[in-house]
Amino acid sequence: MTLPVDMSTTLGNAWFPTPIFTASGCASSGKELAQFFPLNQVGAIVTKSVMSKPRHGRPTPRMAETPSGMLNSIGLQGPGIDAFLANDVPWLLEQKARVIVSIAGETVEEYSTLARKLRSVSGISAVEVNISCPNVENRGMVFACDPESSRRVIDGVRKTIGGELPIIAKLSPDVTDLPAIARGVVDAGADGLALINTVLGMVINIDSMKPHLGGKTGGLSGPAIKPVAVRAIYQVHAALPKVPILGMGGVASGRDALELILAGASGVSVGTASFGNPKALIDIQNELRDLLAARGFATMQQAIGYAHRDEA
Amino acid sequence: MATINKSAVQEMVTILSNKRVGAYHQILLNVGDIVKNCRPGNFVAISVGGDTSKMILRRAFAISRVSESSQYGGTMELIVAPHGSGSKWLCSQAEGTEIDVVAPLGTAFGIPTEPISALLIGGGYGSAPLFGLADVLKSRGCKVDMLLGASVGSKIYAPMEGKRSVNSLKIYTEDGSMGETGRVTENLLDIVRDRNIDVIYSCGPMAMLSAITALVADLEVIHQCAVEESMACGIGICMTCVLPVRNEDGSTSMLRSCIDGPVMDGSTVRWDLVGEVPEGTA
Numbered sequence: 001m002t003l004p005v006d007m008s009t010t011l012g013n014a015w016f017p018t019p020i021f022t023a024s025g026c027a028s029s030g031k032e033l034a035q036f037f038p039l040n041q042v043g044a045i046v047t048k049s050v051m052s053k054p055r056h057g058r059p060t061p062r063m064a065e066t067p068s069g070m071l072n073s074i075g076l077q078g079p080g081i082d083a084f085l086a087n088d089v090p091w092l093l094e095q096k097a098r099v100i101v102s103i104a105g106e107t108v109e110e111y112s113t114l115a116r117k118l119r120s121v122s123g124i125s126a127v128e129v130n131i132s133c134p135n136v137e138n139r140g141m142v143f144a145c146d147p148e149s150s151r152r153v154i155d156g157v158r159k160t161i162g163g164e165l166p167i168i169a170k171l172s173p174d175v176t177d178l179p180a181i182a183r184g185v186v187d188a189g190a191d192g193l194a195l196i197n198t199v200l201g202m203v204i205n206i207d208s209m210k211p212h213l214g215g216k217t218g219g220l221s222g223p224a225i226k227p228v229a230v231r232a233i234y235q236v237h238a239a240l241p242k243v244p245i246l247g248m249g250g251v252a253s254g255r256d257a258l259e260l261i262l263a264g265a266s267g268v269s270v271g272t273a274s275f276g277n278p279k280a281l282i283d284i285q286n287e288l289r290d291l292l293a294a295r296g297f298a299t300m301q302q303a304i305g306y307a308h309r310d311e312a
Numbered sequence: 001m002a003t004i005n006k007s008a009v010q011e012m013v014t015i016l017s018n019k020r021v022g023a024y025h026q027i028l029l030n031v032g033d034i035v036k037n038c039r040p041g042n043f044v045a046i047s048v049g050g051d052t053s054k055m056i057l058r059r060a061f062a063i064s065r066v067s068e069s070s071q072y073g074g075t076m077e078l079i080v081a082p083h084g085s086g087s088k089w090l091c092s093q094a095e096g097t098e099i100d101v102v103a104p105l106g107t108a109f110g111i112p113t114e115p116i117s118a119l120l121i122g123g124g125y126g127s128a129p130l131f132g133l134a135d136v137l138k139s140r141g142c143k144v145d146m147l148l149g150a151s152v153g154s155k156i157y158a159p160m161e162g163k164r165s166v167n168s169l170k171i172y173t174e175d176g177s178m179g180e181t182g183r184v185t186e187n188l189l190d191i192v193r194d195r196n197i198d199v200i201y202s203c204g205p206m207a208m209l210s211a212i213t214a215l216v217a218d219l220e221v222i223h224q225c226a227v228e229e230s231m232a233c234g235i236g237i238c239m240t241c242v243l244p245v246r247n248e249d250g251s252t253s254m255l256r257s258c259i260d261g262p263v264m265d266g267s268t269v270r271w272d273l274v275g276e277v278p279e280g281t282a
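Sequences listed follow chains A and B, in order.
Every letter in the first sequence is one number past the one before it in the working numbering, and letter 237, counting from 1, is 237.
Every letter in the second sequence is one number past the one before it in the working numbering, and letter 249, counting from 1, is 249.
Calculated directly from the structure, the hints in this document are not laboratory data.
There may be inaccurate statements among the hints.
[As the list claims (entries may be wrong)] Subject to a maximum C-alpha distance of 25 Å in a straight line, what follows is the list of computed DSS-like cross-link-like pairs (lysine-lysine):
1) Lys138/B - Lys36/B
2) Lys36/B - Lys279/A
3) Lys279/A - Lys6/B
[To be verified] Some chain A residues flagged as far from chain B (calculated, every beta-carbon gap over 10 Å):
4) Asp146
5) Arg152
6) Gly163
7) Ala180
8) Leu200
9) Ala303
[Said to hold, decoys possible] Facing chain B, from chain A, some residues (calculated, C-beta under 10 Å):
10) Lys31
11) Lys48
12) Pro59
13) Ala64
14) Ser68
15) Gly69
16) Met70
17) Gly75
18) Gly78
19) Pro223
Note that beta-carbon positions come from the ideal geometry of N, C-alpha and C, so glycine has one too.
Working from the sequences, and respecting the hints, build out all of it.
Here it is as structure tokens:
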């Protein structure tokens, strides 16, 4: 007879009953998935990155399936922060869901403006600062590819939002020295890190003999990128063992989630897997609980970074 | 608590039969009580390739028709063109195979409360859901005319039993191998005028839907079309299947064809902007 595993986790000062979250951009604002499971049964709903103004996003085609993955090129389509805060957050809180709001901006100032609007919102657990969306017109806008830009965004958000709400900086794997960028945003005031955003990719249509996506490039997600996520989390956890990581990238099973946790993730976001299986979060959560129990873990938190245990 | 995907369920269902019909496969699924919430126009999203597949996304198929039989309970019929790797996999599945479906999804064709004159226009396998729709319209006392078009005769899907639910059926093929040579849009304006058509229901390639919309733009006729845009999820979370749609205030929004469609009012779709991004803020 094994005792039930304590699945709870924390990111900064925010507590969650389970470590399985949605991934921003893969669950909209939760309403679509609510038909398939009660949203309060998972750790948190991480909402789609919202900008200060409503936005159309990129032209279609926006999607290409690839072996064990897919490219997307949405370009941050969304209602804008005001409509989002008026409609989506109250609804999520009514469902008793825990909410992590993801924000994205085109400038350092836009992130600060978004942070100012969030400061007065009660009931949200944390803010994810998405500085790594690959689907923007100008790759120079991907703040997370540059240590100095990353720091400036996080510094602006930290100063605006004050000390209460945990800030999670979402980083890109498409960089040479990820631990250095991670260290920079932590020094600037990030309480946690979200690793990894999608990997920049391209598909060429061999009939048109041109890039298939309307935006030409897209973000690769799905099981194809899981080893990249595990590597990124492992590297960053080794460099910054005290900084909580919300891990993501191709998680489609409890085994995948456990891998990310062993690499150093305190929580695991499930993204693309929900496209193929609307109940993926629940299935993964149940499988993870069984896998932890089978390995003798009394708490999920004991497994965080466990793969590093024999290192000096 | 759900406000979107309200009647959708995810279930394992059994393939009752899988037959080749011309260029297509007619696949019959034993779906039980799911049929109770299926309406003409809805679609089903199916996992393909099995557990170890490299295909991670569901494939969306229009529900051709549903019925409740005493022998099998609720059954759902799909007409599938084996084009891509996912639909080929589905078409190769034997009777008795269990598959993972999410259904019903999306909007349905609006059914009039009055006995109106309806014109149903299908392109290729887009005709499949129109026969189920014809049954419903007929049972409401509507007059139902149908135009079907395809590039070649083998791509016309018009089952014998389906023909019984329409008052007239006219077939066009581009190579003249079946019916008249040409496209469904050939004499569309005359047909709409001569037969006093109140509502056009269409399903097929986007170019056909766009052409119908343009032809009837100045008429009083309502045009409900089922759009086809590639989807990753079918349930509204991936944001890939968007179409530019005109709002009442004249602005344009990128709407998801999975939850705001597939059935849309053709006159509101900005066909000229498909594949582009509307100007101005959203």
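Query - Which numbered hints fail - result: Those not satisfied: there are none.
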